[in-house]
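K.L.:
Turn these sequences into a full structure, and let the hints guide you.
There are 2 protein chains.
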Amino acid sequence: MRQSTAAALRGALVAPLVALALAVPAALVTAPAEAAPPAQMKTQAPGFYRMALGDFEVTALYDGFVDLDRKLLKGASAEDVQSLLARMFLDNTPGVQTAVNAYLVHTGQNLVLVDAGTAKAFGPNLGFIVDNIRAAGYDPAQVDAVLLTHLHPDHANGLLTPDGKIAFPNAEVRVAKADADFWLSEEIAAKAPADAQAFFKMARNAVAPYVATGKLKPYAEGETLLPGVTVVAEPGHTPGHSGYLFTSKDQSILVWGDLVHSHSVQFARPEIAMEFDVDQTQAIATRKKVFADAAAQKLWVAGAHLPFPGIGHVRTEGNGYAWVPVEYGPIRTDR
Amino acid sequence: MRQSTAAALRGALVAPLVALALAVPAALVTAPAEAAPPAQMKTQAPGFYRMALGDFEVTALYDGFVDLDRKLLKGASAEDVQSLLARMFLDNTPGVQTAVNAYLVHTGQNLVLVDAGTAKAFGPNLGFIVDNIRAAGYDPAQVDAVLLTHLHPDHANGLLTPDGKIAFPNAEVRVAKADADFWLSEEIAAKAPADAQAFFKMARNAVAPYVATGKLKPYAEGETLLPGVTVVAEPGHTPGHSGYLFTSKDQSILVWGDLVHSHSVQFARPEIAMEFDVDQTQAIATRKKVFADAAAQKLWVAGAHLPFPGIGHVRTEGNGYAWVPVEYGPIRTDR
Chain A
2 MRQSTAAALR GALVAPLVAL ALAVPAALVT APAEAAPPAQ MKTQAPGFYR
52 MALGDFEVTA LYDGFVDLDR KLLKGASAED VQSLLARMFL DNTPGVQTAV
102 NAYLVHTGQN LVLVDAGTAK AFGPNLGFIV DNIRAAGYDP AQVDAVLLTH
152 LHPDHANGLL TPDGKIAFPN AEVRVAKADA DFWLSEEIAA KAPADAQAFF
202 KMARNAVAPY VATGKLKPYA EGETLLPGVT VVAEPGHTPG HSGYLFTSKD
252 QSILVWGDLV HSHSVQFARP EIAMEFDVDQ TQAIATRKKV FADAAAQKLW
302 VAGAHLPFPG IGHVRTEGNG YAWVPVEYGP IRTDR
Chain B
2 MRQSTAAALR GALVAPLVAL ALAVPAALVT APAEAAPPAQ MKTQAPGFYR
52 MALGDFEVTA LYDGFVDLDR KLLKGASAED VQSLLARMFL DNTPGVQTAV
102 NAYLVHTGQN LVLVDAGTAK AFGPNLGFIV DNIRAAGYDP AQVDAVLLTH
152 LHPDHANGLL TPDGKIAFPN AEVRVAKADA DFWLSEEIAA KAPADAQAFF
202 KMARNAVAPY VATGKLKPYA EGETLLPGVT VVAEPGHTPG HSGYLFTSKD
252 QSILVWGDLV HSHSVQFARP EIAMEFDVDQ TQAIATRKKV FADAAAQKLW
302 VAGAHLPFPG IGHVRTEGNG YAWVPVEYGP IRTDR
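Protein chains in written order, with the numbering used here: chain A, 2 to 336; chain B, 2 to 336.
No wet-lab data here; the hints were simulated from the structure.
Among the hints, a few may not be true.
Unchecked claim - As a list, the in silico BS3-like pairs of lysine-lysine whose alpha-carbon atoms are at most 27 Å apart: (1) Lys121/A with Lys43/A; (2) Lys72/A with Lys178/B; (3) Lys43/B with Lys299/A; (4) Lys299/B with Lys43/A; (5) Lys299/A with Lys72/B; (6) Lys72/B with Lys43/B; (7) Lys250/B with Lys43/A; (8) Lys250/B with Lys290/B; (9) Lys43/B with Lys250/A; (10) Lys75/B with Lys289/B; (11) Lys202/A with Lys72/A; (12) Lys289/B with Lys178/B; (13) Lys218/A with Lys121/A.
None of the values given here were measured: they were computed from a predicted structure.
P.N.:
And the structure:
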């Protein structure tokens with residue numbers, strides 16, 4: 002409605018109903034259709050979301066979800082954590098539903114995938130990155146670079162199809178040397194406790210066919226990867242954990258990987274760590290630094306475990322921060 | 002990753018990189034594919050979102066967006082409004098992008114549409130309810146009841162196809178008698194200023210074919226409409242503005258219509274009114290009451306102008322309230 006209307010409407014008097022229905026000839030009045038209702042669909046909208054970033058196009062991709070036990074959050078009482086979850090109306094039974102997201106960025110020159118999801122290593126609730134790349138209109142063979150934030154299985158296992166083949170046949174796979182040094186080292190794996198070794202083994206398996214064809218290229222600190230992409234070192238969660246800052250014209254988005262595993266808890270209390278962090282102290286320091294930078298710069302950010310699509314902004318709130326998700330809408334070219 | 006792993010990983014020593022890539026025979030190393038990148042897609046994911054509510058299924062439908070000028074918000078300084086918008090990283094150029102949503106609820110017995118969107122009366126950015134009903138897997142002919150929250154054009158115009166035909170051929174259309182009394186009255190319209198009369202005319206036009214076939218049935222206060230549905234009077238925005246409370250098992254959702262036009266402003270400051278409110282004072286009182294009830298009861302709510310899908314919860318925050326959107330995910334049957 003136009004702005005000028007409302008005041009006018011308030012001036013109009015309420016009058017008795019002119020019941021237009023009463024004026025209808027009786028012969029035209031039919032009983033409502035009594036057809037049986039259709040079956041409930043029980044399906045969800047496809048797991049992708051698109052936005053423009055300057056001349057770039059960013060597509061969030063949903064891999065699925067895991068239910069994380071709140072006990073994985075370290076450095077706060079159970080009561081504090083429960084209270085922060087309740088504030089966001091989240092259920093911890095059987096665990097807090099936590100998204101796994103990846104991001105496909107079309108820079109005009111390259112089609113870049115940041116993280117590759119879980120494939121089918123962790124059951125039927127995950128492993129939908131390739132399906133959602135197709136739903137979003139692209140083909141995995143069109144991806145020419147995969148940038149891994151780190152070598153955990155929910156980011157790297159999706160490099161392979163469920164039957165162990167290369168999922169991105171025309172892509173180079175880039176990961177920070179510090180992460181490759183750690184997760185691909187048989188020497189380190191051998192010294193790790195038995196129940197940790199599976200994660201080293203999964204990392205090695207996920208990249209093995211890319212290694213065999215020369216397509217895995219760990220990068221050193223400070224190296225330039227692709228036009229419009231800057232590596233942001235975010236150590237702590239893993240030794241080489243890295244974000245990728247995409248910049249086009251005056252817009253940037255930081256795809257930050259696993260800086261946050263629980264949006265309801267860790268924005269308000271960034272000092273709360275995650276059991277999966279290889280170095281919790283360093284991970285906390287990194288989180289605080291990136292939050293402060295993102296809030297100060299009003300930066301678009303995208304997180305692998307934020308509520309899908311996981312794109313939004315960070316603002317300061319009280320002694321901590323708050324998450325402001327992007328709003329759904331068409332890709333606009335007029336603003 | 003499993004909980005038991007991280008402590009183990011922290012114990013592992015960082016060792017020199019075993020650069021597996023270096024072990025690859027040179028003959029296998031190929032240059033990266035230099036195929037031209039595909040065109041950017043520039044399309045958005047379909048505008049529907051589904052959730053289970055007890056045995057009911059709720060599908061949010063995106064009609065499109067309007068850019069609302071912040072000056073339409075009444076009862077706060079321009080600086081206050083701008084500050085609340087900036088806190089949510091929202092742009093007021095050319096206006097604040099504001100969603101128009103409708104909701105399709107499958108109760109098992111009925112397929113109920115709450116509001117019908119804008120059709121094509123307000124340009125190409127709106128009018129996608131029928132497209133999104135189809136994208137969500139249903140057909141407009143399967144809808145057996147349309148419940149209107151009120152008779153504004155962005156809720157009622159979609160009752161007709163762009164060429165003026167009935168869009169929901171098997172549906173009865175229900176609206177509060179107080180709204181029909183007001184918007185369908187030629188007597189009231191005649192007394193309204195000239196620039197307001199278009200809105201009365203649009204309301205009459207939108208329901209005319211349903212009136213002609215006896216399918217428009219205004220309901221009186223306290224009337225029961227359908228099993229599992231309760232009318233919640235929310236007067237102020239319009240005289241008969243109404244929410245619909247859907248309840249299955251121990252779960253309820255209040256589809257509240259136009260209780261909020263600016264989530265960034267009116268949750269924090271519910272006393273800020275909207276120019277379109279027919280009675281701003283009454284609209285403010287209604288908003289405060291429904292916010293208080295929704296927060297106290299931890300009620301699911303759905304709003305026609307909240308960021309799509311517009312489903313979530315309300316919590317108290319400071320002297321006002323905050324909006325907590327639902328998280329995307331598949332429809333779960335295990336919790």
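K.L.:
Kindly indicate which numbered hints from before are broken by the structure, ordering the numbers from low to high.
P.N.:
Those not satisfied are hints 2, 6.
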